[in-house]
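*Asks:* Here's the letter readout for the chains.
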Amino acid sequence: MSTEHHHHERPASAAALRAQALEALLAEKGLVSTDAIDAVVTYYEQDVGPQNGARVVARAWVDDAYRERLLEHPEAALDELGFGGMEGHNMAVVANSETVHNVVVCTLCSCYPWPVLGLPPSWYKSEPYRARVVAEPRAVLREFGLELAGDVEVRVWDSSAEVRYLVLPLRPPGSEDLGEDELATLVTRDCMIGTALP
Amino acid sequence: MSTEHHHHERPASAAALRAQALEALLAEKGLVSTDAIDAVVTYYEQDVGPQNGARVVARAWVDDAYRERLLEHPEAALDELGFGGMEGHNMAVVANSETVHNVVVCTLCSCYPWPVLGLPPSWYKSEPYRARVVAEPRAVLREFGLELAGDVEVRVWDSSAEVRYLVLPLRPPGSEDLGEDELATLVTRDCMIGTALP
Amino acid sequence: MDGAHDMGGMHGFGTVAQPGGELPYHEDWEPRVFALHLLTGFEGLGAGPGGRQTREEMDPASYLAASYFERWTWSAEQRMLRKGTIAHGEVEAMMERLAAGEQVPVHADPAMAERMIGRLQRRAPMDPPPADARFGPGERVRVRRMRPDGHTRCPRYVRGVAGTIEVVRGADRLPDLTTYGAPAQPEPVYAVRFASDDVWGPSREPPFTILLDLWDSYLEPA
Amino acid sequence: MDGAHDMGGMHGFGTVAQPGGELPYHEDWEPRVFALHLLTGFEGLGAGPGGRQTREEMDPASYLAASYFERWTWSAEQRMLRKGTIAHGEVEAMMERLAAGEQVPVHADPAMAERMIGRLQRRAPMDPPPADARFGPGERVRVRRMRPDGHTRCPRYVRGVAGTIEVVRGADRLPDLTTYGAPAQPEPVYAVRFASDDVWGPSREPPFTILLDLWDSYLEPA
Numbered sequence: 001m002s003t004e005h006h007h008h009e010r011p012a013s014a015a016a017l018r019a020q021a022l023e024a025l026l027a028e029k030g031l032v033s034t035d036a037i038d039a040v041v042t043y044y045e046q047d048v049g050p051q052n053g054a055r056v057v058a059r060a061w062v063d064d065a066y067r068e069r070l071l072e073h074p075e076a077a078l079d080e081l082g083f084g085g086m087e088g089h090n091m092a093v094v095a096n097s098e099t100v101h102n103v104v105v106c107t108l109c110s111c112y113p114w115p116v117l118g119l120p121p122s123w124y125k126s127e128p129y130r131a132r133v134v135a136e137p138r139a140v141l142r143e144f145g146l147e148l149a150g151d152v153e154v155r156v157w158d159s160s161a162e163v164r165y166l167v168l169p170l171r172p173p174g175s176e177d178l179g180e181d182e183l184a185t186l187v188t189r190d191c192m193i194g195t196a197l198p
Numbered sequence: 001m002s003t004e005h006h007h008h009e010r011p012a013s014a015a016a017l018r019a020q021a022l023e024a025l026l027a028e029k030g031l032v033s034t035d036a037i038d039a040v041v042t043y044y045e046q047d048v049g050p051q052n053g054a055r056v057v058a059r060a061w062v063d064d065a066y067r068e069r070l071l072e073h074p075e076a077a078l079d080e081l082g083f084g085g086m087e088g089h090n091m092a093v094v095a096n097s098e099t100v101h102n103v104v105v106c107t108l109c110s111c112y113p114w115p116v117l118g119l120p121p122s123w124y125k126s127e128p129y130r131a132r133v134v135a136e137p138r139a140v141l142r143e144f145g146l147e148l149a150g151d152v153e154v155r156v157w158d159s160s161a162e163v164r165y166l167v168l169p170l171r172p173p174g175s176e177d178l179g180e181d182e183l184a185t186l187v188t189r190d191c192m193i194g195t196a197l198p
Numbered sequence: 001m002d003g004a005h006d007m008g009g010m011h012g013f014g015t016v017a018q019p020g021g022e023l024p025y026h027e028d029w030e031p032r033v034f035a036l037h038l039l040t041g042f043e044g045l046g047a048g049p050g051g052r053q054t055r056e057e058m059d060p061a062s063y064l065a066a067s068y069f070e071r072w073t074w075s076a077e078q079r080m081l082r083k084g085t086i087a088h089g090e091v092e093a094m095m096e097r098l099a100a101g102e103q104v105p106v107h108a109d110p111a112m113a114e115r116m117i118g119r120l121q122r123r124a125p126m127d128p129p130p131a132d133a134r135f136g137p138g139e140r141v142r143v144r145r146m147r148p149d150g151h152t153r154c155p156r157y158v159r160g161v162a163g164t165i166e167v168v169r170g171a172d173r174l175p176d177l178t179t180y181g182a183p184a185q186p187e188p189v190y191a192v193r194f195a196s197d198d199v200w201g202p203s204r205e206p207p208f209t210i211l212l213d214l215w216d217s218y219l220e221p222a
Numbered sequence: 001m002d003g004a005h006d007m008g009g010m011h012g013f014g015t016v017a018q019p020g021g022e023l024p025y026h027e028d029w030e031p032r033v034f035a036l037h038l039l040t041g042f043e044g045l046g047a048g049p050g051g052r053q054t055r056e057e058m059d060p061a062s063y064l065a066a067s068y069f070e071r072w073t074w075s076a077e078q079r080m081l082r083k084g085t086i087a088h089g090e091v092e093a094m095m096e097r098l099a100a101g102e103q104v105p106v107h108a109d110p111a112m113a114e115r116m117i118g119r120l121q122r123r124a125p126m127d128p129p130p131a132d133a134r135f136g137p138g139e140r141v142r143v144r145r146m147r148p149d150g151h152t153r154c155p156r157y158v159r160g161v162a163g164t165i166e167v168v169r170g171a172d173r174l175p176d177l178t179t180y181g182a183p184a185q186p187e188p189v190y191a192v193r194f195a196s197d198d199v200w201g202p203s204r205e206p207p208f209t210i211l212l213d214l215w216d217s218y219l220e221p222a
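Residue numbers (the working numbering), protein chains in the order written: chain A, 1 to 198; chain B, 1 to 198; chain C, 1 to 222; chain D, 1 to 222.
The hints are simulated quantities; they were obtained by calculation from the structure and are not laboratory data.
Where is the CB? At the ideal position from N, CA and C, for every residue including glycine.
Treat each hint with caution, since some may be false.
Covered by chain D, per the in silico footprint, the following chain C stretches (three or more residues, Cβ under 8 angstroms) [said to hold, decoys possible]: (1) 1 to 13; (2) 166 to 173.
Below, in silico cross-link-like pairs of lysine to aspartate or glutamate (DMTMM-like), each with a Cα-Cα straight-line distance of 20 angstroms or less [said to hold, decoys possible]: (3) C/Lys83 with C/Glu43; (4) B/Lys29 with D/Glu92; (5) A/Lys29 with C/Glu187; (6) B/Lys29 with D/Glu57; (7) B/Lys29 with D/Glu90; (8) D/Lys83 with D/Glu22; (9) C/Lys83 with C/Glu102; (10) B/Lys29 with D/Asp59; (11) A/Lys29 with C/Asp59; (12) A/Lys29 with C/Asp197; (13) C/Lys83 with A/Asp38; (14) D/Lys83 with D/Glu57; (15) A/Lys29 with C/Glu57; (16) B/Lys29 with D/Asp109; (17) D/Lys83 with B/Glu28.
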């Protein structure tokens, strides 16, 4: 059978073929529109991503009142910048301090705040991250090159329920003269998951 | 590469080929003797098996003093019949009663009392048995066709440490006239694991 | 359901940093099957437990053998098979057609595309914290011991562990029930704070804090 | 090590009754690799953690994908690689030779066969119960919460659970240490009795009892 043959010859693409066939089948039935799928893919590739979260963080760094609103009423504060939507229904923003470092995981699944960070990196969805960061966070952070002082309290947020988490990092020293747009360029995705510092 | 070809054509025997190659390699090095392997296989196919345990159970049924020794000093009582050895270093014999039914598992591994039962059946080593019998024993026993009265206390022994367990079933009603040898024929392996009754 | 997906604390998975780990996906079909999954949900083409809940039903060996997006393909298929949107064998038949070189069918529906983006931008928060929540911030609670046959948001690693209410998040129906269409009333959901020693015992790392959002039903007074 | 082998209570594995399940093995190589494993152990051809402990080190996906005896092949190889009895690539080279039709080498050593059977018949019990065991029958204990990186005989499902000492089994060195050659003194080993509700919470089955043999180090007073 040609399918079996295909499977054995090119095992790497068996998954691709199956996914493509599923989409093709639904398109043929007229149930799923190819352009709707294109639109969703484009949406998360171009419109929504960590650049959103970076703008939020930069705004919080330069505007104390916004920072307060962000921590107290995160959904409303994010809506001010237009960053609402799916997987951002219930948001919590957790602020790092000199004594607290936050890091986010979803041990059961791959929950992630799409409206501010886009789609999660592969490592966030991986077995080792999900298994280890709740049990040995410093060892995991060390793999990211992040070595925290021993007296910093690590807080691991397991977002396997309905709240999605954004880490608000500390504004880095030496950034006093930077404006909001420049500050946003310092804020990487990993800073907002908690596996890096700006 | 022919090995790869073989692997793809006959995936069922890749495991067989690897095991055979390992034995062949050690034989070629002169480190492992083929007849020693034959001897071990034969030992557990012919000399040691549930027929041993059945003799123990039958003896306990006809000889109250032996039964007492078996429960109090199981290793010594088993030695009386010559059933000692590896995976029988520390034995516990657990007796069923009108109010207690015992069943044995090894959730972490496949520990099993070799000298009295031989090598375990595949189901004993299987994921579903190891996962489920400690958490839903009656559902598992039902799959074996064993329905216990609701007021019987089920005791599940997880033998993942160093003690190996033999279940001593109740002598079945109607067996009063049978002799020890006949009684032994009633005692199946599963009766001594606890997933069946004689 | 205590399947392979509930992996908090498990050993043996290796290091987090892997080549390509920074990217959300690596092949074109991966974001497409992700989008397809969302779309079939919004368009009502699937039935029964949702995608996440369906993926948890994979047998553990298959779950761990599958890539992340293979699991999404699988759950999309399962949900559409349950609904009757597709029939057994149809995907395989299309795989053969495509493998034989047939053109991939295309279906255009710009309204559906617009509808989808609208759905992605909609916010549907849980109810606000109830005034009569059983526990308040600072109170000690213990997670019940349980072994639910179905979907749950209570991971194994916190069961039986005592923690402290951090904040009342809001009110929501219990996913353990709603997943299967069973009736449920909104109940408080709390962020609960656990000391690492209470969860894992003493570890080589300095003590740290683990926080989870847990439904009232999962908790009892400590 | 909290790997895939620690599966007590897990869901998703299906039914116990499977075709062929009654047999200890199904193919000729299976009892042979079992015998080979024992033999390499007794003859000192392996090194490092034992077979059981080595199998626990398989990554969870591989562990669940492998058949029971494939795991034994794997652990025998790992132990002999660690010792240097075989070198990387030697097994694969022999596989190619056998696949190409070469005769399987045979080595005769009747003395080894006799030695093996003698070893199988030897009994090596643990030490008798110590007079000064910390706990006695009927005493309440609680299993410590822990997440050991290495081998342990304390399964996840009883950690944090309170139970009752059934009997003091004997005295033995802690496998968590001896597996790695670390010094350990004999300590009491107890059979501990747990109520199913305390382990799993309320279940659909009538309450039942779970008993495990646990080393003193795993326990604290309840």
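*Asks:* Each of the hints needs a verdict: does it hold here or not?
*Replies:* Outcome of the hint check:
Counting residues of the region 1 to 13 of chain C whose C-beta sits closer than 8 angstroms to any C-beta of chain D gives 9, which meets the bar of three, so the coverage hint holds. By the rule of at least three residues with a Cβ nearer than 8 angstroms to a Cβ of chain D, the coverage given for the region 166 to 173 of chain C is violated, with 0 such residues. At most 20 angstroms may separate the alpha-carbon atoms for a hinted pair to count; C/Lys83 and C/Glu43 meet this at roughly 12 angstroms. A C-alpha spacing of about 15 angstroms is found between B/Lys29 and D/Glu92, which places the hinted pair at or below 20 angstroms, so the restraint holds.
At roughly 41 angstroms between alpha-carbon atoms, A/Lys29 and C/Glu187 are farther apart than 20 angstroms, so this suggested pair is violated. The suggested pairing of B/Lys29 with D/Glu57 is violated, with an alpha-carbon distance near 27 angstroms, which exceeds 20 angstroms. The straight-line distance between the Cα atoms of B/Lys29 and D/Glu90 is roughly 11 angstroms, inside the 20 angstroms bound, and the hint therefore holds. With a C-alpha separation of about 36 angstroms, the suggested pair D/Lys83 and D/Glu22 falls outside the 20 angstroms cut-off, and the hint is violated.
This hinted pair does not check out: C/Lys83 and C/Glu102 have alpha carbons roughly 27 angstroms apart, beyond 20 angstroms. Between the alpha carbons of B/Lys29 and D/Asp59 the distance comes to roughly 30 angstroms, so the proposed pair goes past 20 angstroms and is violated. Proposed proximity of A/Lys29 and C/Asp59 is contradicted: the alpha carbons are some 30 angstroms apart, above 20 angstroms. Restraint check: the Cα-Cα separation between A/Lys29 and C/Asp197 comes to about 55 angstroms, which exceeds 20 angstroms; the hinted pair is violated.
Taking the CA atoms of C/Lys83 and A/Asp38, the gap is near 24 angstroms; set against the 20 angstroms cutoff, the hint is violated. The hinted pair formed by D/Lys83 and D/Glu57 meets the criterion: a straight-line CA distance of about 17 angstroms does not exceed 20 angstroms. With a CA separation close to 27 angstroms, the supplied pair A/Lys29 and C/Glu57 exceeds the 20 angstroms bound. Only pairs whose Cα atoms come within 20 angstroms are accepted, and B/Lys29 paired with D/Asp109 is accepted, the gap being roughly 13 angstroms.
Annotation: proposed proximity of D/Lys83 to B/Glu28 holds, straight-line Cα distance about 17 angstroms (limit 20 angstroms).
Checked against the numbered hints above, the structure breaks hints 2, 5, 6, 8, 9, 10, 11, 12, 13 and 15 and satisfies the rest.
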